[in-house]
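Quick note: the sequence shown uses our numbering, first residue 7, plus one each step.
Be aware that a few hints might be false.
What the hints assert, rightly or not - Mimicking DSSO-like on lysine-lysine, the simulated pairs with C-alpha atoms at most 30 Å apart in a straight line are:
#, residue 1, residue 2
1, Lys47, Lys160
2, Lys47, Lys79
3, Lys132, Lys35
Calculated directly from the structure, the hints in this document are not laboratory data.
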Amino acid sequence: MSNKIIDVVAGALMRPDGTFMLGSRPEGKPYAGYWEFPGGKVEPGETHLAALKREFAEEMGIAVTSATPWLTKIHHYEHASVYLRFFRIWSWGGEPQPREGQAFAWQTPGCLTVEPMLPANGHILKSLELPDGYAISCAHEIGVAAQLEGMRVKQWPMVQVREPEMSREQLGDFVAQAAEVVHGYGGKLLVNADPAWCADWPVDGVHLNGARLHAQETRPDFAWVGASIHGAADLARAGELGLDYALLGHVAATASHPGLPPLGWDGFAAVLAGEVPVPVYALGGLSLADLAAARAHGAHGVAWMRGAWR
């Protein structure tokens, strides 16, 4: 196998209902019949976005009109090593055409109906299950009763319990109450705490603060694991542990960090300028109104605390 790494782009066509498109690899190509996110090689002097638009026009006959950067991955096949840059495509002109004899299938996150999946694309599927918005609790400010009521009313699909002022016993009691609410409407509940505390708690996962991110030697044994990051080194560590997402902030001014200057969108994008091994949420002084800006700067979505419960 050659040591040269081939620069490749791939894109997920995204419908408003959250479904996405996969394509099968045509006969004559390595891994023929395997399903993948369509794309292809980046030509010399071509930007990644330009390559994405060209590949989708050539392979599928569609004109990509809105696409945002998302994830990167290096994968080693028997025949080559590839550097993959994934985009999510939000709008396009025309209907996909099988110009290379490939098949297409619209899929629902978490409910794949086609197989086998191209190895380099497999981890992307779980990332598509993550919601646009990620809410963080603030019961220490608004009170436990108000926080639980906020969960009932807002019904955010993913909620992190972050209550550093609670004792282990208090946190366990609150998590049990929060789980009853969040699981009752079909959401996912994570807790920001020592993973050893959470083994028997009714949670879907854990969130690691910066210290725990670097203290962990292996990924904690939960279905969903994320971490707070503040730079490229933290993001790389999240990738090494095989985490499911990261929170990066603070992007705008926030009451949580009154003395620290915000990253701003340029600073946020700078952290994501290199390898992006896990989906990254933008955090700090944001709301779903900032989703388009977050995506444009490479974020998966937005996370917020106080604003989530107003």
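Status of each hint after checking the structure:
| no. | hint | in the structure |
| --- | --- | --- |
| 1 | Lys47 - Lys160 | 43 Å, violated |
| 2 | Lys47 - Lys79 | 14 Å, holds |
| 3 | Lys132 - Lys35 | 26 Å, holds |
Violated hint: 1 only; the structure is consistent with all others.
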